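Asker: The residues making up each chain are set out below.
Protein chains: 4
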Amino acid sequence: MSGPEKISATGKVGLTDTSLSDIAKLATKNFGAGHLADYIPALRDVDPHQFGLAVIGCDGETHSCGNADTRFSIQSISKLFSLTLALRLVGVDFWKRVMRNPSMNRFNSISDLETNAGIPSNPFVNAGAIVVSDAIVSRSSAPNRFVLDFMRTLSGKGDIYSNDKVASDEAELGHRNFALAYLLKDYGNIDNKVDDVLSLYFSNCAIEMSCTELASAALFLANDGVDPKSGTQIITSDETRELNALLTTSGMYNGSGEFAFRIGLPAKSGVGGGILAVVPQQMSICVWSPELDIYGNLVVGQFVLEYLVQNLGISIF
Amino acid sequence: MSGPEKISATGKVGLTDTSLSDIAKLATKNFGAGHLADYIPALRDVDPHQFGLAVIGCDGETHSCGNADTRFSIQSISKLFSLTLALRLVGVDFWKRVMRNPSMNRFNSISDLETNAGIPSNPFVNAGAIVVSDAIVSRSSAPNRFVLDFMRTLSGKGDIYSNDKVASDEAELGHRNFALAYLLKDYGNIDNKVDDVLSLYFSNCAIEMSCTELASAALFLANDGVDPKSGTQIITSDETRELNALLTTSGMYNGSGEFAFRIGLPAKSGVGGGILAVVPQQMSICVWSPELDIYGNLVVGQFVLEYLVQNLGISIF
Amino acid sequence: MSGPEKISATGKVGLTDTSLSDIAKLATKNFGAGHLADYIPALRDVDPHQFGLAVIGCDGETHSCGNADTRFSIQSISKLFSLTLALRLVGVDFWKRVMRNPSMNRFNSISDLETNAGIPSNPFVNAGAIVVSDAIVSRSSAPNRFVLDFMRTLSGKGDIYSNDKVASDEAELGHRNFALAYLLKDYGNIDNKVDDVLSLYFSNCAIEMSCTELASAALFLANDGVDPKSGTQIITSDETRELNALLTTSGMYNGSGEFAFRIGLPAKSGVGGGILAVVPQQMSICVWSPELDIYGNLVVGQFVLEYLVQNLGISIF
Amino acid sequence: MSGPEKISATGKVGLTDTSLSDIAKLATKNFGAGHLADYIPALRDVDPHQFGLAVIGCDGETHSCGNADTRFSIQSISKLFSLTLALRLVGVDFWKRVMRNPSMNRFNSISDLETNAGIPSNPFVNAGAIVVSDAIVSRSSAPNRFVLDFMRTLSGKGDIYSNDKVASDEAELGHRNFALAYLLKDYGNIDNKVDDVLSLYFSNCAIEMSCTELASAALFLANDGVDPKSGTQIITSDETRELNALLTTSGMYNGSGEFAFRIGLPAKSGVGGGILAVVPQQMSICVWSPELDIYGNLVVGQFVLEYLVQNLGISIF
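Protein chains in written order, with the numbering used here: chain D, 162 to 478; chain X, 162 to 478; chain B, 162 to 478; chain G, 162 to 478.
Accuracy of the hints is not assured; some may be wrong.
One copy or two, it doesn't matter: identical chains are merged, so the pair holds either way.
As the list claims (entries may be wrong) - Here are the simulated DSSO-like cross-link-like pairs (lysine-lysine), alpha carbons at most 30 Å apart as the crow flies: (1) Lys326 with Lys390; (2) Lys173 with Lys186; (3) Lys190 with Lys173; (4) Lys354 with Lys326; (5) Lys190 with Lys257; (6) Lys257 with Lys354.
The hints are simulated quantities; they were obtained by calculation from the structure and are not laboratory data. All figures in this text were calculated on a predicted structure; none of them were measured in a lab.
Extracted from the complex, chain D is given alone in its bound form (with noise of 0.2 Å):
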């Protein structure tokens, strides 16, 4: 990892070189206390000591350090997008099929499922992403595609790409994503076939994009719904304001109290080792570590998160 690379003039959001430069060493002084996610080759052949941050405010000001640029999987970061984009397509349908309750098991949990007869917890544990893969799905003839180009509009790169070794690897061993399908589906929660289903969202987890695009594609969430690069209206306010809400209560799967508790922030992490977080009427942030704890939380950068929380005083709360 190089130290600090590129670093604007100190404005609005309050970051200063002498920040970032203590960010990079707090990062790097915690390389090796946690390990790569391994259930699949691609991730676990990553280079665990990386470090990246980027943060962007509404109007553009943006700070970033470390491996900024260098792409990831996004893996469940994938999850905030697809249902902003299912959201934009259904509307309040679409909230017939997902309940706005945080679980209290664990992200894969089939039980959850089963307890509430086929009406997942939260767009973000695997049920409910699997619910909002279905409702693009149902709406799309190329559904992959559909999703990579949100992507790329929200993030002003045309050169998006979901990785297919990925995504391939995730299917062959994602019994348990086939399971809660297939009781989804059981409960009449799932209208397209499994495979059409899960095929999305598999590519959706395998997408790569880097901090700097994942805090820019994250911009209209800090920006009452607008994409301020382009004035675009992806979702309405109230809609934002709801998003935000269902990130703080539940985008940290079952630990989402404790993320509230000592962070304060808006977030959805993925087990690639990002975290995209978002201050309201502020800034967008994305920090990305590979090495996860043993609760599969992500080691850097929860640190990392706590001292920009407390250093900038952006917690919501």
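Dock chains X, B and G against the given chain D, drawing on the hints supplied.
Answerer: This is chains X, B and G only, laid out in the frame that chain D set:
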């Protein structure tokens, strides 16, 4: 119910005479849509067609309407203040005994407690609040009075009392709270006698305060832990953020996810019909109306809070 | 339905012409008290007002009445025979993959399987029977035919078949069984392809046999593991006792406790309307009538078994 | 422990001097394989290297060896007798308050009770036995004495007592039983004061009897409800079958499925180290040795019962 009573000039809070008049009409229109809590006589004998609202800014700007000065049984709203007191007494070690997780189960779930081997999910479910009571009993020779004095100091009203009849009725019928306390005791998470701990618990629930008094007492949560009336630091700034996070993820029990989605404020409800909400750095809000919907949520109170959030733009998201 | 058809002279079994006549009346009187299983066309198109009974002593003494020779879909009764086959193929090591516990949950519960980390509670719940199918698939190049041949040998009827239409309808609508199989696969408790395993599972359920054929096929369970017709040892004497114990604690799913309390015989039911019961050291009994009560239990079948147990004094307790 | 003490001539029961000698060796060889129950002093102060066995035929034929006449704390074995008494007092209406289902959860599970809305799964789990105690308290002015008198009559020994120290120690530490009782009370399934109901419950558990006395007291269960010593009908023949069914599916708690699979007799265990088993129409068996395995099962007792079942061929299956 009379119409708006006391209205200060429109200040930072942003409430106008027109808004308050609209809110009063909205409240009156929804009278009859719910039912009274009926498990103890004192709650079911309340006049159902009452409504009060108090909004107090950190600078003291106060708006209120309806029965804002009528005292009611604060019930579970007390859990917010007793937790504050436990944090003052015990500090961070308190969190060895209670988690910071939302619970999908009902507020009085006993399975939840068994699943977590005697560590309550959060301090707002009954099991968690019983541990809070135990922590206070361990540190006070006259715990009931100690809590009352805390409420008097926070609200600036020396004549706040707990209703003995309500407390003894709750004790008489509170078999499930005894079950929770004995299970906590079995897991070693209660140090004192069950009867002593629940005596404080029931006494706290039976405290009677008005909307104005509650909003005033909670102002420190909107002001980085400092009561703006006295300048006293009640809890630290960090603890204040943490408490507001907890209120957001767990303050409305298993309805917290939905409440965050729809309203977007840290808040605590009580079965007596009150909701106390916090707008960090800005104001506290207390709304009261005794009718509950079939899920135990406040019918009028939620309408009023939705109106306020939309019209004042005060969601934290 | 016709009345009693074939009655042998009263022997050790103790059934008389009068008893059989009473039973036929009892059955007819209760026609209409239930409803047909309706999740696949083949089951809901059966004539509901049918009833058959066959009782066969270990010495070959046979009593039957009604539609005792009409073939019906044996459904979950097949689980008893496929388990027997798996025990023959795998021996005691089979029990590393499945427990011997009653389950309080429904026969197709997926939470149960997740709670037990992929080890089914017993071999009669769907998850357990899917593991049984996997064990057979691993040891046979033509597993569907292999099971059919086993049924033909046990019943002495060379023309027993599985109904392809029923099997394919169940496969088409069997999303929950796919969910169970994929979850088992996720836990490493399925060695073969899910499609291959379920192909055998659905084929077994769709086998069609009559009361007389089923009672005859199960006779080894009443005779210390030896088929008295051929003198062949099907399973050991110890395995036979174990299997009868399993039938008693789990053969009627989460209704097993109640069934043992009321009737007191090792037994296995099927959604096609059949119940196969064993009286150790004495006889096997098969009763069939297609109507189920709202809990999925057989209305007529349970009445008839209660009558038999009371009149013949054949409870094991 | 001394060797075999009293041996009658070999009769219908089929036990020989050689068998009893083998059993005594088997028991001694396994001393030290387990540990004592240690939650109350009285249980952990017992000499662990003791073993007793009594086998009594319906005709009075008696075999015993080891410490068969040493009294021990019968603990949960008392649940069998208090249930018998409740059935005598209340009849079939008793079953409105308790189900007849095996439970997969531990004997003192409180989640189980909440899931079933206050109706215990069966009368042998603690919650069920507490309801049994309540039923007796409602129908007796001196319930503790009433149960003792019943035990004296059944065993023919006028000097059977409950150990007050054990009962008070259990009450002192029985927080979980208080939790269960208060939860039952909350659901309206306890009519009397919790303290009164548990006083009887703890008194029953603390009764002290020997293997010979317990086997003698249980003989009515092997004899269609009639105590063969006195000719008295204790419960009806149907109730006797039902009780033996319940013992088979639930008498060993969540180990009942496994116990039926391995041993195949209706039986009730106690944490004091005793197991009382019934061979319908033949005999009763009581084995005692204080050491438990890590699951709370009796190490020596289960070995001895397996030996007896295999050698005497007395499994009910």
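Asker: If a hint holds in the structure, say so; if it does not, say that too.
Answerer: Hints versus structure:
Within a single copy, lysine 326 and lysine 390 get their C-alpha atoms no closer than 32 Å, and across copies no closer than 59 Å, so neither meets the 30 Å cut-off. Taking identical chains as interchangeable, the C-alpha atoms of lysine 173 and lysine 186 lie at most 30 Å apart only when both belong to the same chain, with a minimum of 23 Å there against 42 Å between chains. In this assembly of identical chains, lysine 190 and lysine 173 lie within 30 Å of each other by CA distance solely inside one copy; the values are 28 Å within and 45 Å between copies. With identical chains, the CA atoms of lysine 354 and lysine 326 are at most 30 Å apart both within one copy (22 Å) and between copies (21 Å).
When the C-alpha separation of lysine 190 and lysine 257 is checked against a cutoff of 30 Å, the pair qualifies only between copies, where the shortest distance is 28 Å, while the shortest distance within a copy is 46 Å. For the identical chains of this complex, lysine 257 and lysine 354 are intra-copy neighbours only, at 20 Å inside a copy versus 34 Å across copies, given an alpha-carbon limit of 30 Å.
The structure fails to meet hint 1 from the earlier list, while all remaining hints are met.
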